[in-house]
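Residue numbers (full-length UniProt numbering), protein chains in the order written: chain L, 1 to 478; chain X, 1 to 478.
Calculated directly from the structure, the hints in this document are not laboratory data. Keep in mind it's a predicted model, so treat the numbers as computed, not measured. Among the hints, a few may not be true.
Identical chains blur together in the list; that is why a pair holds if it fits in one copy or across any two.
[To be verified] The list that follows gives simulated cross-link-like pairs (lysine to any residue, SDA-like), each with its CA atoms no further than 20 angstroms apart:
(1) Lys91 to Ala373
(2) Lys274 to Ser284
(3) Lys345 to Asp99
(4) Lys245 to Glu4
Here's the letter readout for the chains.
2 protein chains.
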Amino acid sequence: MKLEASLTAENINQKLLSVEYAVRGPILQRAQAIERELEKGVPKPFTRVVRANIGDCHALGQKPFTFIRQVLALAACPELAAAAAVPEDVKQRVQEIRDDCIQGSVGAYSPSAGLSLVRTRVAQFLEARDGVPASADDVHLGSGASDVIKAVLTMFAEQVDGKPSAVMIPVPQYPLFSGTLSELGLVRADYQLAEEQAWALQPHELERAYLQASEAARVRAIVVINPGNPTGQVLTRENIEEVIKFAYRRDLFILADEVYQENIVSKPFHSFKKVMHEMGAPYSGMELASFVTCSKGWAAECGLRAGFVELLRLQPRVAAAFRSARAVMQCPTVLGQCALDCAMKRPVPGEPSYPQFAAELAAVRRVLADRTATAYHTFNTIPGYFCNPIDGSMFAYPRVEIPERAQAAARELGLSPDEFYCLRLLEETGVCVIPGTGFGQRAGTFHFRTTILHPRDEFQHMMDCFRRFHQTFLENYS
Amino acid sequence: MKLEASLTAENINQKLLSVEYAVRGPILQRAQAIERELEKGVPKPFTRVVRANIGDCHALGQKPFTFIRQVLALAACPELAAAAAVPEDVKQRVQEIRDDCIQGSVGAYSPSAGLSLVRTRVAQFLEARDGVPASADDVHLGSGASDVIKAVLTMFAEQVDGKPSAVMIPVPQYPLFSGTLSELGLVRADYQLAEEQAWALQPHELERAYLQASEAARVRAIVVINPGNPTGQVLTRENIEEVIKFAYRRDLFILADEVYQENIVSKPFHSFKKVMHEMGAPYSGMELASFVTCSKGWAAECGLRAGFVELLRLQPRVAAAFRSARAVMQCPTVLGQCALDCAMKRPVPGEPSYPQFAAELAAVRRVLADRTATAYHTFNTIPGYFCNPIDGSMFAYPRVEIPERAQAAARELGLSPDEFYCLRLLEETGVCVIPGTGFGQRAGTFHFRTTILHPRDEFQHMMDCFRRFHQTFLENYS
Ligand SMILES: Cc1ncc(COP(=O)(O)O)c(C=O)c1O
Ligand SMILES: Cc1ncc(COP(=O)(O)O)c(C=O)c1O
Numbered sequence: 001m002k003l004e005a006s007l008t009a010e011n012i013n014q015k016l017l018s019v020e021y022a023v024r025g026p027i028l029q030r031a032q033a034i035e036r037e038l039e040k041g042v043p044k045p046f047t048r049v050v051r052a053n054i055g056d057c058h059a060l061g062q063k064p065f066t067f068i069r070q071v072l073a074l075a076a077c078p079e080l081a082a083a084a085a086v087p088e089d090v091k092q093r094v095q096e097i098r099d100d101c102i103q104g105s106v107g108a109y110s111p112s113a114g115l116s117l118v119r120t121r122v123a124q125f126l127e128a129r130d131g132v133p134a135s136a137d138d139v140h141l142g143s144g145a146s147d148v149i150k151a152v153l154t155m156f157a158e159q160v161d162g163k164p165s166a167v168m169i170p171v172p173q174y175p176l177f178s179g180t181l182s183e184l185g186l187v188r189a190d191y192q193l194a195e196e197q198a199w200a201l202q203p204h205e206l207e208r209a210y211l212q213a214s215e216a217a218r219v220r221a222i223v224v225i226n227p228g229n230p231t232g233q234v235l236t237r238e239n240i241e242e243v244i245k246f247a248y249r250r251d252l253f254i255l256a257d258e259v260y261q262e263n264i265v266s267k268p269f270h271s272f273k274k275v276m277h278e279m280g281a282p283y284s285g286m287e288l289a290s291f292v293t294c295s296k297g298w299a300a301e302c303g304l305r306a307g308f309v310e311l312l313r314l315q316p317r318v319a320a321a322f323r324s325a326r327a328v329m330q331c332p333t334v335l336g337q338c339a340l341d342c343a344m345k346r347p348v349p350g351e352p353s354y355p356q357f358a359a360e361l362a363a364v365r366r367v368l369a370d371r372t373a374t375a376y377h378t379f380n381t382i383p384g385y386f387c388n389p390i391d392g393s394m395f396a397y398p399r400v401e402i403p404e405r406a407q408a409a410a411r412e413l414g415l416s417p418d419e420f421y422c423l424r425l426l427e428e429t430g431v432c433v434i435p436g437t438g439f440g441q442r443a444g445t446f447h448f449r450t451t452i453l454h455p456r457d458e459f460q461h462m463m464d465c466f467r468r469f470h471q472t473f474l475e476n477y478s
Numbered sequence: 001m002k003l004e005a006s007l008t009a010e011n012i013n014q015k016l017l018s019v020e021y022a023v024r025g026p027i028l029q030r031a032q033a034i035e036r037e038l039e040k041g042v043p044k045p046f047t048r049v050v051r052a053n054i055g056d057c058h059a060l061g062q063k064p065f066t067f068i069r070q071v072l073a074l075a076a077c078p079e080l081a082a083a084a085a086v087p088e089d090v091k092q093r094v095q096e097i098r099d100d101c102i103q104g105s106v107g108a109y110s111p112s113a114g115l116s117l118v119r120t121r122v123a124q125f126l127e128a129r130d131g132v133p134a135s136a137d138d139v140h141l142g143s144g145a146s147d148v149i150k151a152v153l154t155m156f157a158e159q160v161d162g163k164p165s166a167v168m169i170p171v172p173q174y175p176l177f178s179g180t181l182s183e184l185g186l187v188r189a190d191y192q193l194a195e196e197q198a199w200a201l202q203p204h205e206l207e208r209a210y211l212q213a214s215e216a217a218r219v220r221a222i223v224v225i226n227p228g229n230p231t232g233q234v235l236t237r238e239n240i241e242e243v244i245k246f247a248y249r250r251d252l253f254i255l256a257d258e259v260y261q262e263n264i265v266s267k268p269f270h271s272f273k274k275v276m277h278e279m280g281a282p283y284s285g286m287e288l289a290s291f292v293t294c295s296k297g298w299a300a301e302c303g304l305r306a307g308f309v310e311l312l313r314l315q316p317r318v319a320a321a322f323r324s325a326r327a328v329m330q331c332p333t334v335l336g337q338c339a340l341d342c343a344m345k346r347p348v349p350g351e352p353s354y355p356q357f358a359a360e361l362a363a364v365r366r367v368l369a370d371r372t373a374t375a376y377h378t379f380n381t382i383p384g385y386f387c388n389p390i391d392g393s394m395f396a397y398p399r400v401e402i403p404e405r406a407q408a409a410a411r412e413l414g415l416s417p418d419e420f421y422c423l424r425l426l427e428e429t430g431v432c433v434i435p436g437t438g439f440g441q442r443a444g445t446f447h448f449r450t451t452i453l454h455p456r457d458e459f460q461h462m463m464d465c466f467r468r469f470h471q472t473f474l475e476n477y478s
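Produce the complete structure using the sequences and hints provided.
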């Protein structure tokens with residue numbers, strides 16, 4: 001008789017054992033347990049958990065855009081169009097989409113790169129953004145940006161000259177990258193963002209990280225997250241040029257995670273594509289993968305799972321291999337593609353949906369402007385906190401002073417100081433944020449990431465919690 | 001100045017270069033080119049292309065189920081509920097789903113395994129199907145079954161005792177499996193289905209395939225597709241028991257692709273889970289992964305991308321690793337989850353949506369019963385064709401006699417005889433089917449796979465094309 005399972009921790013794909021994703025990690029599990037305790041009436045020093053762990057605007061109260069949702073509804077159930085009072089431009093959009101679906105059904109598989117209509121809209125969006133030609137053939141839709149980011153990284157999972165391949169990622173980073181590199185067996189080459197320079201990428205640090213990783217690995221690609229998650233900065237044009245020059249010199253493929261490009265308060269956004277183009281040869285001939293998603297931007301439709309990569313200047317055999325691997329998975333969700341279509345071509349003045357759309361957009365923008373300003377102000381007026389300007393995204397990543405005695409207490413529990421801090425914060429205030437350990441931070445510094453798009457009252461409550469909690473924390477451990 | 005791209009056919013992940021997916025391969029590309037030629041007025045011996053390459057019911061004219069689509073529409077846009085004349089049970093279902101979405105929005109991320117409501121519904125469906133307890137905790141939703149099949153296979157991508165891992169797959173198989181094994185670097189251990197025994201799995205053949213692959217690899221798992229794609233057979237209970245005993249003896253993890261379990265005309269479907277359970281110890285203690293999808297069954301919502309795996313009796317650390325890797329990708333599409341919810345809990349007598357639902361279901365069933373019978377009859381009355389009984393799925397996989405002279409003509413062109421056959425069929429009749437090479441077939445035999453769910457007239461036209469074409473083909477090459 002067999003005693004053991006056939007799949008065990010010893011013989012499972014060992015790379016999976018090291019995959020971590022802090023955003024949905026132990027602190028969230030504890031928060032969920034506390035929610036259940038609260039429901040059961042267990043007494044706590046607070047009445048509800050405030051979740052600030054994940055960048056999900058709808059979960060934080062942002063209302064879905066009416067235009068998008070009406071399009072989705074009628075794309076799913078065209079028969080409702082007769083009865084429902086929806087504007088003409090919604091009906092027309094639905095017609096355009098259905099014309100590109102086989103038999104007009106969003107329930108038919110689409111081409112594996114996505115509906116031709118939607119890819120064309122994406123290309124038009126990119127052209128309008130950059131003033132640089134874009135082709136629908138370079139656009140590959142996915143089930144969220146995560147899906148296509150993983151697909152692109154998969155291409156680098158190969159030994160070169162007997163060395164494993166490495167990919168440069170920022171510290172701090174969004175843990176999709178560290179997690180996916182782990183799963184793929186790609187070596188992480190960490191470069192530090194300069195906190196003292198508003199989280200800029202410093203060429204000498206890129207060079208250092210490259211050289212260090214090159215001892216044991218072949219560095220193949222560099223990931224840049226702009227605007228930053230968790231850091232919220234928007235890179236200057238000069239800084240992007242520096243990164244491009246560095247990547248060119250070191251023959252690195254650039255992966256530009258630009259998913260927060262529309263979540264910016266007032267700075268200009270420069271896409272890597274545009275900057276490369278404007279720099280001219282040889283930079284304008286480099287390969288590039290740039291990622292955008294419906295989960296972010298004003299639409300913020302995380303649950304619909306629609307994103308894309310624009311893949312530029314791939315060699316034909318490389319592009320063909322990418323396409324084949326994608327085709328095996330059939331296609332991204334067609335209703336997600338409908339939402340992406342709306343995000344790429346929004347209502348414009350003169351169209352019946354425009355007034356409501358414009359009002360909804362203004363509300364979203366107001367929330368972002370208000371919360372980034374308030375968070376920045378709050379974090380920089382809490383003694384022991386420091387926070388760089390928050391240009392955009394939907395996060396803040398303040399640095400927090402943690403007294404030596406608290407660090408010792410953390411060690412006792414086998415936790416890092418920032419994990420200990422976030423856990424205490426959760427237990428004492430109900431606020432759930434993610435420790436810097438989940439994203440990375442310079443040794444000896446401690447941070448947490450919080451989302452900041454909560455409704456005003458809840459947001460203010462959360463800010464008050466940080467202030468009060470930190471004061472008590474310092475008193476307890478000084 | 002750099003001369004080369006940084007990512008090339010030489011340094012890309014070499015495993016991607018061998019990924020093939022015939023269902024969307026060269027024959028489909030040629031069909032699309034012919035469609036464009038027809039549009040431009042290029043004369044052809046036919047007026048339209050009949051696509052029979054992919055198992056996509058909506059693309060073949062099946063109407064979406066009204067209940068599902070009304071639920072989707074209102075889940076996306078609840079405001080329409082007031083105006084639109086939808087039945088009360090639709091509204092109630094939407095309310096239940098929205099209660100499980102954060103802030104009631106399908107645009108918020110769900111838990112990465114899927115909404116708890118939907119996983120509970122899946123468990124209830126499985127319990128009702130098998131009379132065996134099922135737990136929502138064992139259910140993991142994905143963007144189609146493809147997504148979770150790949151995720152499960154990923155767990156086996158590990159060397160064991162210095163040998164690469166192998167997975168047993170049937171021949172013929174659905175090329176998702178061969179493609180994904182290629183991408184993951186898993187060795188294929190092919191076992192032949194017995195065409196002369198209605199595509200049964202023969203224990204001695206399983207044993208042979210196991211032993212042969214074991215010379216160079218460690219065989220870890222076995223994939224069974226039941227009902228079969230491309231073969232359309234439904235396995236007998238006895239045959240399933242034999243497979244389970246074999247897997248037990250050889251310590252193999254069973255992956256049961258049971259996506260066509262509801263696409264059966266009249267035979268009983270036995271799930272691997274139920275059979276294992278009824279066999280009792282030690283078999284009832286084996287691990288199992290079983291796959292179901294909304295793309296198939298009566299719903300046939302391919303474009304919505306919703307499927308699931310029930311993962312039974314995994315070791316806790318294995319389950320945890322699986323969960324972490326899934327979490328990195330956030331979650332499957334929430335609108336897809338809504339459709340799955342409807343597929344798992346359909347309207348029942350007494351509910352307002354039931355009469356229409358029942359009528360729609362009966363129509364779908366009639367089409368399947370009619371087409372399987374007609375295809376079976378037709379293929380067995382074309383001289384030179386042979387076709388096993390088609391119990392279900394939505395495909396036929398007839399064996400075709402290809403004269404020696406035609407085989408020589410194929411070799412001239414660098415094609416396999418069945419590729420040549422399908423290409424000629426396409427060029428002369430406009431019917432697009434996939435050569436057996438894409439699925440696998442015993443050496444020296446030739447097949448093609450055709451979907452069979454076209455509208456009656458188109459279906460009959462296609463059957464006539466096969467008959468006429470084959471006659472001429474035999475005449476030309478005899
Ligand atoms: C920087 C960054 N990239 C990519 C993603 C992936 O988003 P999705 O898969 O929902 O499109 C996220 C999500 O939070 C993100 O923050
Ligand atoms: C046998 C089999 N398994 C799995 C799938 C995957 O389907 P999906 O990813 O659309 O759920 C298919 C699709 O055709 C199939 O035929």
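So which of the earlier hints does this model not fit?
-> 1
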